[in-house]
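Residue numbers (the working numbering), protein chains in the order written: chain A, 57 to 741; chain B, 57 to 741.
Since the hints were made in silico from the structure, they are not lab data.
Just to be clear, a hint being listed does not mean it is correct.
It does not matter which identical chain is used: a pair holds within one copy or between any two.
Think about it this way: if two alpha-carbon atoms lie no more than 25 Å apart in a straight line, the pair counts; the simulated DMTMM-like pairs of lysine to aspartate or glutamate are [to be verified]:
id, residue 1, residue 2
1, 237, 337
2, 237, 340
3, 398, 295
4, 203, 403
5, 344, 334
6, 309, 334
On a predicted model such as this, the values are computed, not experimentally measured, just so you know.
Number of protein chains: 2
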Amino acid sequence: MLGRSIGRGRSASLRPGGTATARMGLKFDYESLAQQRIQRLFSHHHGLHLVLSRYISSDPLPRKGSRALRIAYRLAALLGSAVVVLGIGIVGFFIYDASTYATEHANQREVDVAALALNPRHGGPKNLPILEVCLDDNDSESMRRQKEKPRLVILGGGWGAVSLLKELEPENYHVTVISPKNYFLFTPMLPSATVGTLGLRALVEPIRRIIHAVGGHYVRAQAENVDFQSRLVEVSQTDCNGNEQRFYVPYDKLVIAVGSVTNPHGVKGLEHCHFLKDINDAREIRNKVIQNLELACLPTTSDDERRRLLSFVVCGGGPTGVEFAAELFDMLNEDLIQLFPKLLRNEISVHLIQSRDHILNTYDETLSKYAEDRFARDQVDVLVNSRVREVHPDSIIFTQKQDDGTIVTKQLPMGFCLWSTGVSQTPFCKRLAAKLGSAQTNRHALETDTHLRLNGTPLGEVYAIGDCATVQNNVADHIVSFVKRSLTWKHGASAVDTDPSKLHLRFNDWRAIAEQVRKRFPQATDHLKRLDKLFAEYDRDKSGTLDFAELRELLVQIDSKLTSLPATAQRAHQQGQYLAKKFNALARAVNSGRLIRELAKAEETPDVDAAVYKAFDYKHLGSLAYIGNSAILDLGHGRGFAGGLWAMYAWRSIYFAQSVSFRTRVLMAMDWAKRGLFGRDLMSY
Amino acid sequence: MLGRSIGRGRSASLRPGGTATARMGLKFDYESLAQQRIQRLFSHHHGLHLVLSRYISSDPLPRKGSRALRIAYRLAALLGSAVVVLGIGIVGFFIYDASTYATEHANQREVDVAALALNPRHGGPKNLPILEVCLDDNDSESMRRQKEKPRLVILGGGWGAVSLLKELEPENYHVTVISPKNYFLFTPMLPSATVGTLGLRALVEPIRRIIHAVGGHYVRAQAENVDFQSRLVEVSQTDCNGNEQRFYVPYDKLVIAVGSVTNPHGVKGLEHCHFLKDINDAREIRNKVIQNLELACLPTTSDDERRRLLSFVVCGGGPTGVEFAAELFDMLNEDLIQLFPKLLRNEISVHLIQSRDHILNTYDETLSKYAEDRFARDQVDVLVNSRVREVHPDSIIFTQKQDDGTIVTKQLPMGFCLWSTGVSQTPFCKRLAAKLGSAQTNRHALETDTHLRLNGTPLGEVYAIGDCATVQNNVADHIVSFVKRSLTWKHGASAVDTDPSKLHLRFNDWRAIAEQVRKRFPQATDHLKRLDKLFAEYDRDKSGTLDFAELRELLVQIDSKLTSLPATAQRAHQQGQYLAKKFNALARAVNSGRLIRELAKAEETPDVDAAVYKAFDYKHLGSLAYIGNSAILDLGHGRGFAGGLWAMYAWRSIYFAQSVSFRTRVLMAMDWAKRGLFGRDLMSY
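Build out the structure end to end from the sequences listed, making use of the hints.
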């Protein structure tokens with residue numbers, strides 16, 4: 057491009073332009089000036105020097121005769137500049153890269169490790185070692201300071217735990233994370249990893265890197281039990297000889313965020329199914345799918361066997377099942393046909409078994425219909441109103457409710473089955489729930505109050521978030537407390553002593569109570585909008601006041617409208633952030649002495665959490681699902697949209713933005729680009 | 057940047073520049089013109105329109121007062137151009153990406169598959185199914201044409217097979233590749249993958265994609281035996297029920313490139329070791345290393361146990377062992393210390409056990425010394441003259457020869473052991489060698505002649521390349537044939553009938569024989585340089601002629617100087633390319649009818665290979681080894697160099713260039729950039 061610019065300058069000077077100057081006026085004066093300058097540049101400088109002076113000088117550009125040439129010149133300059141900047145960028149990156157290699161190695165120096173970290177004291181109910189001091193407690197100045205802070209122990213390394221860690225301000229707590237997996241998994245993209253649209257590395261982030269940011273500690277172990285009295289978590293790990301070793305981790309505050317396990321729904325033969333909870337599941341699924349394709353190509357495989365091997369069944373029509381079916385279909389349709397015999401494409405079938413009458417049944421009906429239409433077009437066989445009864449190694453038995461209400465049992469040959477029918481409680485959570493007895497009544501998850509404190513444990517010590525927990529919305533159960541608080545606040549302490557059955561609440565009293573309910577149960581806010589209407593409706597005797605029975609009836613009716621929060625990454629994320637903000641606020645309040653002053657004012661048992669921070673309020677931001685080169689986005693309240701490639705790019709953008717770190721974002725972008733350039737990797741290893 | 061350019065233009069117009077025009081002459085005429093244009097632009101256009109007109113117009117740039125400002129303006133323009141071009145590039149990529157999604161799906165159409173492909177005929181010595189027609193033989197026009205071509209069957213999917221496939225011209229052969237792994241593995245970078253410097257995906261390329269380029273077929277199965285008479289390969293595969301299924305694949309030309317297995321050297325306890333032959337080995341090693349680091353952090357791990365867990369032992373001082381030790385050390389030194397307790401770094405030890413007196417003993421001694429110095433500085437414990445006797449789950453027993461010649465037995469506690477002490481023959485190759493009896497005398501590899509034809513099989517049907525094969529350099533064994541050929545050629549057929557023991561070869565005869573030897577054994581060329589000297593040396597009786605015994609002695613002495621070729625990727629690569637070129641030449645010769653004419657001229661048994669192509673000649677291009685943020689490059693013949701980061705970048709560049717596809721190159725570059733940006737991934741999954 058530079059050669060051209062110089063060539064132009066020279067050839068222009070050879071033209072008889074000088075005599076034309078007068079005729080053309082200003083314009084040609086300018087051109088001759090340019091010619092002189094170019095000529096001077098050309099005669100005085102060479103090579104790189106010339107390039108540089110051309111780039112950074114503000115000398116006018118040579119004036120061309122043709123407009124097209126001028127534009128071409130400008131475009132070439134644009135491209136040239138880009139190449140130069142890119143080149144500088146690449147050289148810069150290499151210089152940076154070279155600086156990242158540790159050429160000087162730290163020699164083995166004395167490291168300050170407390171004796172208690174090397175030989176922990178034994179104790180607790182089972183006389184196990186207690187992790188009172190960590191190996192890295194003295195590793196840095198800030199870690200040394202944190203030793204004296206309250207011990208915050210987090211069980212789990214998923215969405216809840218990581219959101220908490222990312223929001224937590226460092227140096228307020230001595231943080232320890234206990235998780236059997238040393239990585240955080242970006243679960244929403246897991247179906248993409250099963251067929252190689254994304255690589256496994258783009259979905260995981262080392263948990264130690266996340267913990268490092270808050271100066272915390274990591275223990276690779278599994279939580280087994282909690283002693284709420286002595287505030288000890290009992291954890292287990294398998295040592296290198298395969299023996300289980302147990303020890304205690306003490307806490308001041310404990311956050312349970314251990315997630316969930318796959319729900320077997322009591323179906324026999326699930327050992328023949330694949331699951332999709334972990335990164336290894338994704339790899340195993342990819343290997344199995346490719347394995348089946350390869351087996352289908354062999355001459356020893358009969359026709360029936362080939363059709364069976366290529367029959368892919370997904371049990372569960374929720375987002376995971378639907379997205380896996382979509383990704384699988386994409387792979388079969390975009391990559392398989394390139395490299396495998398054409399016969400395979402013809403004999404492949406993808407089936408989706410759903411127990412409800414629609415797939416994606418938690419989504420808006422229009423959107424779930426869109427997904428069904430899409431699948432119908434893509435020849436993905438959606439079987440609704442169907443329940444799996446038993447899984448055999450080579451087939452699935454399921455019952456299907458017909459339109460006339462009769463139930464028919466069917467058998468589907470299958471070569472691969474994914475089981476993704478919802479979640480259930482981990483054995484650890486079941487153990488805790490049993491221990492807490494009557495305080496825990498939910499069979500599916502640990503119950504917390506709206507401050508996310510585990511019911512049945514000392515206030516402000518144990519929290520539960522994410523899939524393993526559910527927020528109990530028992531408004532009516534707190535009726536006495538609501539009445540007491542609001543009347544005390546309005547009429548003084550004496551008003552409360554009266555017999556509740558003799559209460560007659562006027563509209564103003566009701567308004568005060570509603571305010572209390574809203575504060576304590578933010579989820580109820582939506583149902584407390586028209587207070588006058590509610591008052592009129594439940595004032596059955598039209599007395600102009602609500603008596604205790606009428607109030608109770610009103611609150612029970614609100615309870616019935618409150619649904620439990622979905623077991624999604626979004627909820628876990630919000631709960632983690634909520635706890636982090638609360639813990640930050642608590643630390644600030646303690647440090648400033650404000651908390652002590654406030655608690656001194658309180659008359660009843662002090663509720664520290666309520667004093668420093670509001671109750672947890674879930675804000676549903678929407679649900680997404682990828683359905684095969686198209687996506688649906690349900691924003692709640694009937695709003696949402698569905699579409700083709702543009703919706704897919706929107707879906708990707710949202711998850712790109714939500715991804716846990718800059719690293720995973722770069723990796724995801726790279727992997728998507730790879731798919732575009734090279735397709736998916738049809739390899740099993 | 058644009059805002060600034062406009063701002064400058066405007067502020068310039070506010071200056072009292074108009075009156076100065078006359079004084080400054082041409083220069084200010086130009087500036088006022090620029091001002092007018094800028095003002096016009098600014099008043100008429102806005103936003104993007106303005107940007108574009110500014111970019112593609114050739115109007116002069118506004119003239120600035122200060123030189124620094126001018127330079128800044130130019131630099132900003134440079135950067136701006138780069139951003140614009142980059143933006144266009146990104147948009148372009150998204151448009152391209154969108155085009156890669158199959159939004160229109162091929163409906164299930166009738167696919168033309170031969171009945172014999174679906175129900176193969178049974179036959180052969182064991183009456184197994186015979187893969188005479190492939191499922192995809194009718195999938196495209198070119199595949200249909202290839203059905204009639206000679207069947208080229210390649211066993212294996214490593215360096216040899218892939219080099220052959222990449223060099224082979226399509227449509228000359230009906231190509232079938234049989235390999236139990238459906239990917240090609242870029243073995244030289246395997247040590248990098250064990251610690252996450254590279255991801256696994258960057259090292260593998262789907263074998264189907266490589267085969268696709270020559271319109272070949274792939275069978276995922278394992279070669280078990282070959283029937284050289286009926287020209288059938290017996291292969292086995294495990295079906296989905298875990299049963300072994302066997303079938304035959306017929307061939308006209310067979311290439312055996314099945315590689316090698318790890319050499320156990322008869323040591324007990326290798327089940328406690330890791331190997332590094334496959335991509336899964338790399339993942340298992342990474343998991344084990346991280347697992348040990350995590351176990352070392354737990355409070356239940358005692359001091360001794362921690363030291364043992366962090367004792368990493370590598371058995372074998374060849375390139376694989378050395379590179380793994382280097383990569384491991386890099387990871388421990390660059391990444392581990394960031395995220396794990398400092399104590400770990402102090403207690404880690406890396407040991408390298410080598411049986412010879414130097415590591416990298418096949419390299420130039422200066423270079424191997426450099427590597428040893430580097431390791432000494434890095435505190436990698438190199439144990440030379442040491443032989444492993446037995447591996448226990450938690451320790452290694454080895455004997456070490458002391459300087460005084462005594463042999464001492466030592467025990468080394470270990471938490472991880474890599475076994476990389478060379479290669480040995482696969483069971484398949486052992487079976488073939490046994491079958492071929494006296495034609496195969498080498499215990500370590502299949503013997504071929506210098507045309508890479510497997511000794512003992514019909515000429516021109518079976519070839520063996522790569523690690524599984526060795527080229528037999530038995531010059532002396534061919535003495536009679538050499539004498540016959542050269543004398544026939546010089547003196548006519550009658551000369552050959554004389555008794556060989558009565559031969560008296562003059563220097564000219566010897567020269568003719570040497571020429572024959574060079575042609576048939578290209579590796580001997582180096583030892584046949586001074587023919588006069590050799591003649592004089594072996595003409596013991598100074599008769600001026602060589603008799604038969606003297607000639608034999610001369611050739612035997614040359615034989616003794618010829619070493620067998622190294623079992624490296626480089627050799628396999630060259631052999632694969634050689635075979636492809638020969639097969640291409642053969643196809644051309646057959647097609648042109650030249651071959652038939654040439655063979656008609658031949659008097660003895662026709663040697664088709666020799667007629668169409670020269671014998672295989674290995675050209676050693678050099679050996680590389682990465683030794684921890686530095687590398688050594690041995691170019692042979694005493695040349696070579698070693699150095700720090702620059703050598704590492706050179707080492708990377710060479711492998712980058714050698715990588716199998718554009719895809720793997722892009723992935724490798726991305727992975728190296730990832731390491732620079734984010735470090736290695738310290739996760740196990």
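Consistency of the hints with the structure:
1. In this assembly of identical chains, the alpha carbons of residue 237 and residue 337 lie at most 25 Å apart whether taken from the same copy (14 Å) or from different copies (21 Å).
2. In this assembly of identical chains, residue 237 and residue 340 lie within 25 Å of each other by CA distance both inside one copy and across copies; the values are 17 Å within and 16 Å between.
3. Proximity of residue 398 and residue 295 under a CA criterion of 25 Å is satisfied inter-copy only: 21 Å between copies versus 50 Å inside one chain copy.
4. For the identical chains of this complex, residue 203 and residue 403 are inter-copy neighbours only, at 24 Å across copies versus 63 Å inside a copy, given an alpha-carbon limit of 25 Å.
5. For a Cα distance limit of 25 Å, the shortest separation of residue 344 from residue 334 qualifies both inside one copy, at 16 Å, and across copies, at 19 Å.
6. In this homomeric assembly, residue 309 and residue 334 never come within 25 Å of each other (Cα to Cα): the closest approach is 28 Å inside a single copy and 46 Å across copies.
Consistency note: the structure conflicts with earlier hint 6 alone.
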